[in-house]
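Asks: Sequence:
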Amino acid sequence: APKAVQYMLYDIDEENSLNAGEIPLDFTAGGYLKALENAIYDNPLLLNEYRQVRILAHSERFIVLPPEFKHPDDAIEAFDTAFPHREGDFALCSLPCCGVSVGFELPRGVLGFLERTFDMPPILHHLYPLMEYYKHQDEDREVACLHLHLRDDSTDLVMTKSQEGLVMANTYPTPTPQDAIYFALHAFKTFGLDVKRDELLLTGSKPLRDKVMPELRKYVSYVMP
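Be aware that the sequence shown starts at 1, since it is given in my numbering, and climbs by one per residue.
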């Protein structure tokens, strides 16, 4: 993440083995890459040998690409058209359930460091789990669903529609709860969702959910955590 490394470790053969935590990044010694290197090297737990390592990288400079752009060269060309003057590393991940790819930018040097340190792990965009999980969960629903994942400074939006599948996915800066409410209602209106029938589902920070849910329920009938 921009200011921390969050980790989750577990043993698939052992119940109640989940171990999760957060390591703040210290920028006093240099830029983002140096802070990331120090955070990982100073915590040997992250460097143990694991059956599988997967990395989610938060990036707000990204594009969702249809199947025609799955080749890296095509994806880079599309990304550089959307975001000229790229200075960082370009990464690309495929979302099999959604049938799309996400091309995204990381700070310079970060991609190589992660690949060397963790032996070429899958490096996925931060929207990957939300998009794949909700696309799968919503396949049998007969209504459209807008999912909001709330954080203190930004909100992820993922929308699915019956018969259409994934409709949109994006991350918006939301320094206040009112900003998250605005983007949710704007998405409902822009994509023609029915406020009486379609669903608005919230995850993320519980204090933020408690703030935005009563307001959203003034405009949308079905708003649930």
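Hints are computed from structural coordinates only; laboratory data are not their basis.
Incorrect hints may have been included.
BS3-like, lysine-lysine: derived pairs with alpha carbons at most 30 Å apart [stated by the list, open to error]:
| hint | residue 1 | residue 2 |
| --- | --- | --- |
| 1 | Lys135 | Lys196 |
| 2 | Lys161 | Lys211 |
| 3 | Lys211 | Lys196 |
| 4 | Lys161 | Lys189 |
| 5 | Lys3 | Lys218 |
| 6 | Lys218 | Lys196 |
| 7 | Lys135 | Lys161 |
| 8 | Lys3 | Lys34 |
| 9 | Lys218 | Lys189 |
| 10 | Lys135 | Lys218 |
| 11 | Lys189 | Lys3 |
| 12 | Lys211 | Lys135 |
| 13 | Lys161 | Lys206 |
| 14 | Lys218 | Lys206 |
| 15 | Lys196 | Lys161 |
| 16 | Lys135 | Lys34 |
| 17 | Lys189 | Lys206 |
| 18 | Lys206 | Lys196 |
| 19 | Lys211 | Lys189 |
| 20 | Lys161 | Lys218 |
| 21 | Lys161 | Lys3 |
| 22 | Lys161 | Lys70 |
| 23 | Lys70 | Lys135 |
| 24 | Lys135 | Lys189 |
Each pair of labels, with its calculated beta carbon distance range [stated by the list, open to error]:
| hint | residue 1 | residue 2 | range |
| --- | --- | --- | --- |
| 25 | Cys97 | Lys189 | 22 to 30 Å |
| 26 | Thr203 | Gly99 | 16 to 24 Å |
| 27 | Gln52 | His85 | 32 to 40 Å |
By construction, the Cβ of each residue, glycine as well, lies at the ideal position given by its N, Cα and C atoms.
Asks: Taking the hints in turn, state whether each one holds.
Replies: Going through the hints against the structure:
1. Lys135 x Lys196: This hinted pair holds, its Cα atoms lying about 22 Å apart.
2. Lys161 x Lys211: Distance ~26 Å between Lys161 and Lys211 Cα, so the pair holds.
3. Lys211 x Lys196: holds, 21 Å
4. Lys161 x Lys189: With a Cα-Cα distance of about 14 Å, the restraint between Lys161 and Lys189 holds, given a limit of 30 Å.
5. Lys3 x Lys218: Between Lys3 and Lys218 the Cα gap is close to 35 Å, so the pair fails against 30 Å, i.e. violated.
6. Lys218 x Lys196: With Cα atoms ~11 Å apart, Lys218 and Lys196 stay inside 30 Å; holds.
7. Lys135 x Lys161: holds, 9 Å
8. Lys3 x Lys34: holds, 12 Å
9. Lys218 x Lys189: holds, 15 Å
10. Lys135 x Lys218: holds, 27 Å
11. Lys189 x Lys3: Violated, at roughly 33 Å.
12. Lys211 x Lys135: Since the Cα atoms of Lys211 and Lys135 sit roughly 26 Å apart, the hinted pair holds (cutoff 30 Å).
13. Lys161 x Lys206: The given pair, whose Cα atoms are some 26 Å apart, holds under the 30 Å limit.
14. Lys218 x Lys206: holds, 19 Å
15. Lys196 x Lys161: holds, 15 Å
16. Lys135 x Lys34: violated, 36 Å
17. Lys189 x Lys206: Holds, at about 25 Å.
18. Lys206 x Lys196: holds, 25 Å
19. Lys211 x Lys189: This hinted pair holds, its Cα atoms lying about 21 Å apart.
20. Lys161 x Lys218: holds, 22 Å
21. Lys161 x Lys3: With Cα atoms ~34 Å apart, Lys161 and Lys3 exceed 30 Å; violated.
22. Lys161 x Lys70: Distance of about 23 Å is within 30 Å: holds.
23. Lys70 x Lys135: Holds, at about 19 Å.
24. Lys135 x Lys189: holds, 21 Å
25. Cys97 x Lys189: 22 to 30 Å: holds, 27 Å
26. Thr203 x Gly99: 16 to 24 Å: holds, 23 Å
27. Gln52 x His85: 32 to 40 Å: Check passed, 36 Å falls within 32 to 40 Å.
When the structure is compared with the earlier hints, violations turn up for hints 5, 11, 16, 21 and for no others.
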